[in-house]
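Visitor: Given chain A's structure and the hints, the job is docking chains B and C onto it.
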Amino acid sequence: MITRIVSKNFEIPNSHTLAVAKANGVYESIDKAFTQPSYVIETEIENSGLRGKGGGGAPAGAKWCLATRAQEMDQTSAKSYLVVNADESEPGTFKDRQIMEFDPHLLIEGMMLTCYAIGAHDAYIYIRGEYKFFADRLNKAIQEAYDDGLLGKKVKGFDYRLDITVHRGAGAYICGEKSALIESLEGNRGHPRLKPHKPSPEYYFGAPTLVNNIETIATVPYIVTNGAAAYRQYGTEKSPGTLLFGLSGHINKPGIYEMAFGESMQAFIDTIGGGVKNGKKLKAVIPGGASTPILNAQEVKEARLDYESMKEIGSALGTGGMIIMDEDTCMVSALKNLLSFYHHESCGQCTPCREGTAWVDGIIANILNKKAKADDLELLSDISKTMNGKTICVFAPAVAMVIDGFILRFRDEFEAYIQKSLGEADA
Amino acid sequence: MSFSFNSDNEKHFADLLPRYPHPKALVLPCLWMAQYQEGYISADAMDYIAKRLDIPQAHLYGVITFYTMFTLEPVATYHIQVCKTLSCELCGKGEIIRSIEETLGISVNESTPDNRFKLTEVECLGACGGAPMLSLNEEYHENLTVEKTKALLQRLAR
Amino acid sequence: MPNMVNITVDDQKLKAPEGAILLQVLIDNGISVPHFCYHEALGPDGNCRMCMVEIEGQKRPQISCDTRVKKEMVVYTKNESINDLKRSILELELLSHPVDCPICDQAGECSLQDYYMEFGLNESRRPKEEKKLKDKKLDIGKNIILDQERCVLCARCTRFTQEITHTNELAIIGRGNDARVSTLPGQQMHTAYAMNIIDLCPVGALTSKDFRFRQRVWFMHSAPSICHGCAKGCNIHVDHNQEKYKSDTIFRFRPRINKSINGHFICDEGRLSYKQENEERLDDFYHQNRRISQENALSYLLRYLHDENTLFVVSPSLCTEELVIIQKLAERFDIKMNAYHDPYTDPDFGDDWLRSQDRASNLAAVKKLGIPTSKEELLIELGKTKVVVNFDHKALCENNAETQNMLVNKTQIHFVSHLFPECKNHELLLPIASYSEQKGTLINEDGILQKFEAGLCNEKKNLLELLHIINATPETVEQVWDEILAEKFGLAYETISAEGKQL
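Protein chains in written order, with my numbering: chain A, 1 to 427; chain B, 1001 to 1158; chain C, 2001 to 2503.
Rather than coming from a laboratory, the hints here were simulated on the basis of the structure.
The calculated lysine-lysine pairs, modelled on DSS-like cross-linking and capped at a C-alpha distance of 30 Å, are: (1) Lys2128/C - Lys420/A; (2) Lys195/A - Lys2078/C; (3) Lys1118/B - Lys2132/C; (4) Lys198/A - Lys2070/C; (5) Lys277/A - Lys8/A; (6) Lys1024/B - Lys198/A; (7) Lys1011/B - Lys154/A; (8) Lys420/A - Lys2131/C; (9) Lys2013/C - Lys198/A; (10) Lys370/A - Lys2128/C; (11) Lys280/A - Lys1150/B; (12) Lys311/A - Lys2059/C; (13) Lys2132/C - Lys371/A; (14) Lys2461/C - Lys2424/C; (15) Lys198/A - Lys2059/C; (16) Lys1024/B - Lys154/A; (17) Lys195/A - Lys2059/C; (18) Lys79/A - Lys1024/B.
This is chain A alone, in the form it adopts within the complex (with noise of 0.2 Å):
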């Protein structure tokens, strides 16, 4: 079940050092790379169907093109940028920084093929503030590609400059949206911007910028190495290559592992995961990350894990990272708690979602402390329909899905909270 594209390297001692990675193939891709004209690596891309690894599963492909497109049509500058993602914040998300701790030259190697590919000669990976030892790993291995004449005025003696800054966020959960995230790298708040109304790139500082999921970027050199269809070999039509998937909660194998799209959950879960903590019987399955709908024990067992079948059966793939409840699980308060997350890290600029997340957090608090009101599922509701659509970013919209899950499925245990609420009033 195991695939290792982008984990190759993981179980080896010292992969994070240059020479242990280039011992194992890293950075072999460049050479033959860098002689061919830039668009090469853009189709390769393309024709790969490699997907977006941060949530969104958008084709990669089509992104880095709005770039190179917009590079093109800019008079002024024509400079362009990279920026690789590596804000991992989702709950229950975790896979990034294996990349970052075990094989950051292969993100290296990546982000110097998507460079030039599309032209940056700027690169910066944005990386969560809490993550100090995976940006201080980082950025020891970018100063070793440094000295090794890998990064700099003459990437590998080619006449091609590209220098990559690694740029420590502080902790906002919303700064892993790329809009938020571009604004935090101009030195902002971190606030999503009005998206545009035809397909645009970002723009860093007013020059077309490509943004990444760390995870997309470090499959780029087996992509360009092995070709297109060695990695559509992988995964299903619409999904092809792997996911570095992840599993947390009470699981017995927590961890993450790299597998190739369409694998059975329930399988994945028993197999791999080693099946519940303690010999219980499993309940739910938040699929991938906090911001995916929950699904049921039955839906567990028929759910496939690619982005198709998992928007299919109601709920989406999102970072792959599954946190798994046992039977024992409170719905309730597992609600409460990501409740609480949305409400911490709402950015606050627009209305639904800065009153929004803070009033359901009230009222799943209430229900939780048995002073709920006969109709707050349906104030619930209602709040989540105001959430859903209306907003700058997709940020409220996971919220409205995430109550929406949660109470389609698990309306019963709700309602017997409100029920011991409503007993509680009459005494």
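Guide: Leaving out everything else, chains B and C in the frame of chain A:
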């Protein structure tokens, strides 16, 4: 009392400046440098950074207060931040908190009287596979048990 | 010139400039679409989400402030789903809003109140104990009180200090529903245009300390006038009310929109200049410190004009009609005029926006009427005369060595609206209406001719009326134009539009 970067930070600043298209982009790196230098971001440091990067002070204040990890006041020597989000809660974060509270005699959001320890709860730190866990002065301690936690606190108490 | 295209709004056909902001087009066509963060002078921000409309072909409702007009666009601003949406977003805006209406100065001109009455009218679904508490009644300087609880975080005020005045005093701090507007701790507002944020704020989060608790807005009447503080001629509303047993009092000036002159804003000093209108008024006619009747005062005046060598010193802030009527009087008696302008120049006051260093409001008209303004000429004429008739010139009202020198041994006759410290040295004092009590026209420093209307209805006679009695010159502004000014300027009074006329 005014603030300026120490020589290491000055070097770091000089290295970073040409890497960005505009000095404004150095807001976060400068805030980190100031916070490491003094342990928190002082009013003087804010003034210095605003002038150095030619940005309005009120804007800088708005940026600092937006992010969770920046602090405008000194913090205890050991800042214990226990992750409270779902996976960690499912895996026993409650017990870890209780053991810390009992051992140190403080509740969440409090500091010990000698200001050696502060305990807070934070949102997902991206270590769900190692739940429950905590971050101690930005260093992750994962796969905690009550025993491991108490041992950690003992080591720090000396 | 933008291309005008056809669009349909709520089944009505409209013409709109292609590429214009849809919300502005709707506002300009009198279609009410609720909004907080959009402002014509600041542009859209997209954060309040109140201005959502349905656009045919788009599956989700769109914010009209971020939508550009495209030809054949079909827009719905009021159907069931949009009404529902508006109500829901409004509910969220009101969620933590304190029920301060009884003590909030914004009441009566508050967007939240207006929208609530228009399409809200729902009960609160969250107990008030759970409302988020923030700081209230923060004095942030420059006469501004900030109430963070009332704030809807539309960011108009912060954008004003960032993008219009570039003084950056305000920022949004914190995150999520803890976010609030603030200055840097310990700092205050300092821009000369600070009080504009009070008008910009759609709710009672930013209110005027000067106006605090003084008057309910629905009792006040508004007159369109012009600030007389400098040669910029910013348009204002004069908000006034006559309370029982009191005289008609001005409570505040507010900016009046004039896209050719001041846009949506005025400077703080001009805004607060209403105070002078109310204070220290000259109410009666005096002869050598004894109160006399109007009839007697005018007789005395005529005697001086007939018998003695006289000089008229006129204020360059008088309206055009007053200037030309005084000119007629001067012609009749062969008297010289001077609108000595030096005291009205203040380089420290002038800036590159709405504050002119010329503190006179009608110098352009003075020049057009050929009235001399120099100090040299004034001193020459003063040397030749015994009697000085002062028509509200402020320098002659000031207590300084220069003025005393000029007026030593002269017979002083003052037509003034306000008392002044040295007025006891008068021979005659004649009270006249001030600009807020009369109508007239001014020409600003860019040559724009503008009208202003009378605000207060007090019983003061204005200068035109007094001089009509002794010189039979036209008594009203309209008559002055009919008989004199229409020919001089080549246009009729009625053709001067609200925005003014570029000469």
